[in-house]
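Let the sequences and hints guide you as you build the complete structure.
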Amino acid sequence: SMIETCFMSMTVEDDESNIAGFALLDDTPCQISAVDGAGTDWETWFQDTYTMPEIDSSNSLWFCCSLTEPESAIMAEILRTTFSTMHELQHLLVFVPAGLTEESAMLLLQPFEAHFHQLEPTTDEVAPLGHWAAASPD
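For what it's worth, the numbering used here labels the leading residue of the sequence shown as 1, then goes sequentially.
The hints are simulated quantities; they were obtained by calculation from the structure and are not laboratory data. Note that the structure is a prediction, hence the values are computed from the model and not measured. All the given hints hold, so there is nothing to weed out.
Pair ranges (Cβ atoms, derived):
no.	residue 1	residue 2	range
1	C30	M106	13 to 23 angstroms
2	F116	D41	15 to 25 angstroms
3	S17	D41	37 to 47 angstroms
4	A76	E43	25 to 35 angstroms
5	A105	M2	20 to 30 angstroms
6	E102	L129	14 to 24 angstroms
7	P70	P128	33 to 43 angstroms
Positions of the beta carbon are idealized from the N, C-alpha and C atoms, including for glycine.
See the structure below:
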């Protein structure tokens, strides 16, 4: 299961000890985790797409799952816990699958919008069909 194999998982509780947030972080985007031998293949795609050599597998993790209450303080606590636990970590990344509708993308990104910014691609090229970062053929 993802909880057992991810790099880091955490929960955030509210004042009444109810779970208000949950996150799974891994060293690869979850879209690539099922690809045998993929390892750090995301780095090549990432550098080809965004040209940001300061971001690599030695200092970055990916959100593979995030379930939170809508308050921005919940994500702030997840971020605070993550960075205080892992001092060498510099970047947390969220993969937005190609081909999502605008409404679906807004729902996916809602917990992150107060704390993250969108990276702009440095190329117009898209991943070929069959590539883990490509749009679904549907």
